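A.B. asks: Chains H and W are the protein sequences, given in the same order.
Position in the first sequence counted from 1, then plus 1, gives you the numbering used here.
Position in the second sequence counted from 1, then plus 1, gives you the numbering used here.
Since the hints were made in silico from the structure, they are not lab data.
Heads up, some of the hints might be wrong.
[As the list claims (entries may be wrong)] Each computed PhoX-like pair below joins lysine-lysine, with the alpha-carbon atoms no more than 20 Å apart:
1) H:124 with W:133
2) H:124 with W:37
3) H:133 with W:124
4) W:37 with W:124
5) H:124 with H:37
[Said to hold, decoys possible] Taking beta-carbon pairs under 7 Å as the criterion, some of the chain W residues facing chain H (in silico):
6) 77
7) 79
8) 101
Keep in mind that this is a model prediction, so the values were computed, not measured.
Backbone N, C-alpha and C define an ideal beta-carbon position, used for all residues, glycine too.
Protein chains: 2
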Amino acid sequence: MHTLYSMQASGNCYKLRLAMAQLGVAFRLVDVDTLKGETRTPAFLAMNANGKIPLLKLESGEYLPESNAALFYLAEGSALIPDDRLHRARMLQWMFFEQYSHEPYIAVARMWRSYVPGGLEEKADQFPVWEKNGYQALDIMEEHLSTQPYFAGEAYCLADIALYAYTHMANQGGFDLSRYPHIRHWLQRVADQPGHVPLSWRPET
Amino acid sequence: MHTLYSMQASGNCYKLRLAMAQLGVAFRLVDVDTLKGETRTPAFLAMNANGKIPLLKLESGEYLPESNAALFYLAEGSALIPDDRLHRARMLQWMFFEQYSHEPYIAVARMWRSYVPGGLEEKADQFPVWEKNGYQALDIMEEHLSTQPYFAGEAYCLADIALYAYTHMANQGGFDLSRYPHIRHWLQRVADQPGHVPLSWRPET
Numbered sequence: 002m003h004t005l006y007s008m009q010a011s012g013n014c015y016k017l018r019l020a021m022a023q024l025g026v027a028f029r030l031v032d033v034d035t036l037k038g039e040t041r042t043p044a045f046l047a048m049n050a051n052g053k054i055p056l057l058k059l060e061s062g063e064y065l066p067e068s069n070a071a072l073f074y075l076a077e078g079s080a081l082i083p084d085d086r087l088h089r090a091r092m093l094q095w096m097f098f099e100q101y102s103h104e105p106y107i108a109v110a111r112m113w114r115s116y117v118p119g120g121l122e123e124k125a126d127q128f129p130v131w132e133k134n135g136y137q138a139l140d141i142m143e144e145h146l147s148t149q150p151y152f153a154g155e156a157y158c159l160a161d162i163a164l165y166a167y168t169h170m171a172n173q174g175g176f177d178l179s180r181y182p183h184i185r186h187w188l189q190r191v192a193d194q195p196g197h198v199p200l201s202w203r204p205e206t
Numbered sequence: 002m003h004t005l006y007s008m009q010a011s012g013n014c015y016k017l018r019l020a021m022a023q024l025g026v027a028f029r030l031v032d033v034d035t036l037k038g039e040t041r042t043p044a045f046l047a048m049n050a051n052g053k054i055p056l057l058k059l060e061s062g063e064y065l066p067e068s069n070a071a072l073f074y075l076a077e078g079s080a081l082i083p084d085d086r087l088h089r090a091r092m093l094q095w096m097f098f099e100q101y102s103h104e105p106y107i108a109v110a111r112m113w114r115s116y117v118p119g120g121l122e123e124k125a126d127q128f129p130v131w132e133k134n135g136y137q138a139l140d141i142m143e144e145h146l147s148t149q150p151y152f153a154g155e156a157y158c159l160a161d162i163a164l165y166a167y168t169h170m171a172n173q174g175g176f177d178l179s180r181y182p183h184i185r186h187w188l189q190r191v192a193d194q195p196g197h198v199p200l201s202w203r204p205e206t
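Next up, chain H with everything else stripped away, as it sits in the complex (with noise of 0.2 Å):
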């Protein structure tokens, strides 16, 4: 069985519960705290010397880093893969978009506002230039969804999961999605998928 690093709170570790649920593959879950430190330490940073979660620890004793790295290994072969290579690539790249141009944005004003404490007034410099970027990513994925249901075309697949993770919970970063209306209807066709589960899903123990 695989075994997921994760904090219950991060959108990057919920792409990876969302996607073994979706895909029906058991993992035990381990609870690693980044706001406590508990990815510096030397016994973490031994399984990931980049000292990110998730991290996923497969069955055959490797360690995976990287979400978006992690997602597509284990969606190999899934519906959660575009079969022709056009699509594979347009899911790609949402994904590196995902990475670059909205998660540095959207998902740290989000940590910053809602789990650091005192990180609005910390990083009260920091917060225009987020907002920026931030609604500029979103404007990009609106004017996307305006044309297509998905992000890499007609069907759902891993670019929907990877921007779905932080996109679902903006407003916790200050974003207001109320001006979105092709976001808002994406993200319901997200959580009307089968298998979805919400962020604080966990699998039985």
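For this one, chain H is given, so just place chain W on it according to the hints.
C.D. replies: Just chain W now, with coordinates in the frame of chain H:
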């Protein structure tokens, strides 16, 4: 024939020129200068709403942004993507590492230090952050390369192309590679690959 919208000095654009040279894929080059705002024009934004290069226009007329997603598209079925599932995930792990933990520091420091007039003064408060995080990325690479010749294991693949691009010119961002012997040996192994081309290379017109 594919068309690549590219800036010659950009490492992200270089990734695609290098991969296409090694794969023997013919393409046309269109020069775009981000420093002159040429990726923010209405015409460019109609091709890529995220306003970034590289942008690959496929022979079919489809536009594919995100350098690492375009690399994956181009290299499918070639030796630049590992055959087995775990090594393919390792390749993606390092490509996501490149975009999240490496490029935002090492490439961005290079741009502001070596390409934007007055950038060193304008971003004086950011350079210490870029330096700390950029050296952390290099430390992680050095440790990994002390155990394996390439990022996904025994064979050169897309992860090496993605990380080579900005690492081989990290000095332009103020990073000193003299303390990283394993990285320097890996840079040489990459440069010795069949069909390797330097940053300055352009396809014949």
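A.B. asks: Next step is simple, just say for each hint if it's right about the structure.
C.D. replies: Hint check:
no. : hint             : verdict
1   : H:124 with W:133 : 19 Å, holds
2   : H:124 with W:37  : 31 Å, violated
3   : H:133 with W:124 : 18 Å, holds
4   : W:37 with W:124  : 19 Å, holds
5   : H:124 with H:37  : 19 Å, holds
6   : 77               : 6 Å, holds
7   : 79               : 12 Å, violated
8   : 101              : 5 Å, holds
Checked against the numbered hints given earlier, the structure breaks hints 2 and 7 and satisfies all the rest.
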